[in-house]
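Enquirer: The whole structure should be built from the sequences, with the hints applied where relevant.
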Amino acid sequence: MRYLVIEDDAQLRAYIEKGLRESGHTVDVADNGKDGLFLATTERYDALVIDWMLPGVDGITILNTLRASENAVPALMLSARSDVDDRVRGLRSGADDYLVKPFAFEELLARLEVMSSRRATGATEITRLSCYDLQMDLLAHRVSRGGVAIDLNPREFALLEYLLRNKDQVVTRTMLLENVWDYHFDPQTNIIDVHISRLRQKVDKGQDQVLIHTVRGAGYRLGDRA
Amino acid sequence: MFAALMLLGILFVSYWLVIASGDTLLRESEEAVRSELRGLIAINEAAGPAAMANLVGRRGKQDRASGFFYAMRDVDGTISAGNISSWPGPNVERLKEGLVLFEIGDEVMPGAAQSPRLGSEHLDIIAKIHRFESGVELLVGRNVDDLEIAQFVARTFGWIMILILVLIFALSYGVAYYVASRFERIAATTDRIIKTGNLAERLPVDSTWDDLSQLSVLLNRMLAELELRVDGIKSVSDSIAHDLRTPLMALRARIEERTSGETQAALLEELDGTLGVFQSLLRISAIEAGKQPLSLAPVELDALALDAAALYEPLAAEAKIELRTCASPTTVQGDRDLLFQAIANVLDNAIKFTPAAGEVALTVTGSDTHADITVSDTGPGISPAHRATVMERFRRLDGSRSAPGNGLGLSLAQAIVHRHGGSLSLDAGELIAGTGLRVTITVPRRAMAVGD
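Protein chains in written order, with my numbering: chain A, 1 to 226; chain B, 1001 to 1452.
If you're looking for bench data, these hints aren't it; they were derived computationally from the structure. Keep in mind that the hints are not guaranteed to be accurate.
Okay, the calculated bits of chain A under chain B, using three or more residues with CB under 8 Å as the criterion [claimed, not checked]:
id : region
1  : 5-16
2  : 171-184
To give an idea of the chain B side of the interface with chain A (calculated C-beta under 10 Å), a few residues [said to hold, decoys possible]:
id : residue
3  : 1253
4  : 1311
5  : 1315
6  : 1340
7  : 1341
8  : 1351
9  : 1352
10 : 1356
11 : 1418
All C-beta atoms in this analysis are idealised placements derived from N, C-alpha and C, irrespective of residue type, glycine included.
Expert: The following block contains the structure:
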């Protein structure tokens, strides 16, 4: 994947750049809004990482300009502010995701990869999801593994659906909270782990091939590769 | 006190009016007429009619000024002595006990003293007539015009007094009400500032000439000074927060770079814990300061609470705790994510501190004005003495140091609830008598969006 990072903080910029390269991605960087906007409009990227506060042209302006010219490249907004309102404003102005500093690199990586791969698969209506011998029928709300039906409650179903939609991608606990539970809050306990372990009981228990993997320091990944 | 004095005044004036309008004075005149008549009759009996006629003649000459009137009528109908020239006609007003009330002109008997009240053409007189066996009639009367004037004066005076009293009453009531309402407004504003911690608010100042306004101006200056200092502290802590973020990020990067495996995981976990405390503290300050605007929208509190319960149910199940919910439909105006955070923190706390085989109960109830969320547990509870201090930041009771968490959960919940204009209170648990804790979150149905 090819990413553009627009961030004025040299340390943070280098940190993101290095991390992305090590994860096998191509990275361009810009240290101000003007250069960033120029690159974003002239080159093709799979996703953008834009800092909210930038010298010259700020993040919101970059996004507004891009969206006004019908450039729908996925964009992730970075901000030092954790205000709920800022997040809402960021998402409203066309950002696809929002991350508050400081963040773990794994969180950024997971979100970027999910964003860009979703763009690659396109927005076609999917009615069935599958991975290895796990099948999910979205219309009938049925899940089976190796032909054996699995009984899931609605929340477990939503959780598995999110994992399946982002198959082979790392999803973080925060991403799960925001997308499956639709609450932006800070759980004091790793409550998501408990839900995942319940789901594992139903999906992976007694199976030779484990599908739900824990990615240390990051989150979870659903896939048939270890 | 004031009202009692007013009442006393009104009673006094009423008494005065009763005296003036009643016939106490009239009765005195009647009595005078009667005793004068009795005296003359006695003289008639003792000294004979001639002596009496003589006396009537003399009295008539002298005493018209004293207000007494006399007339003696002979059998043939002529007035032989006295100071009135005409005998009252048949159309006199008859009073009780043989008394009559009639009006005479200014005409007097020849030789009688002049009327003391020149210019007044008619006099009102009450009189009593005695008929002797000889057929002679004697009339003794008394002018009651003065009485009427006295009555009129007294009555007018009474009404003026009442009017003045009423005016004083109304005026002082108005002034008292005005002053009291100003005090109330100052008290209400102060109360609001204490409750919300919004130092940007100022006391109302109506004018600049009285002591109360000067006090308000002074208090406002104090508030301005406080606000300036608190802002100073806040900007310092904000810049500390900002300055610490970057090195923490760098540290995290270095840990990821230089370490691996178990060591890395342990170091990262510790650092993330520190970052978490840091974030929570910043969040509590931001919410308490009211700088962060709430995204207010109608929130279905019951659904929100049930979502939170569903989220925490596996955690409870893992700890062998029964989590029960009872939520009646209640909608409030509030910030959905923040309210969820508050409920989640309280639930999280309850589950953490409740031992296995215990119980945690979540309820949502609503009234016209408020919504209540309660979370009760069967944990060790908090003694009444400690309840006030438990919500201070980082406060965890000595017996619970081993429980996970950074001790900021309730502080954050309280900050959120206060921001919504509500309150968070701690009571003894209700599930098992004598143990456990009950946390009650009360939020107004229409959030005030304190501080915006």
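Enquirer: Hints numbered earlier in the text: which of these fail when held up against the supplied structure?
Expert: Going through the list in order, the structure violates hints 10 and 11 and respects the others.
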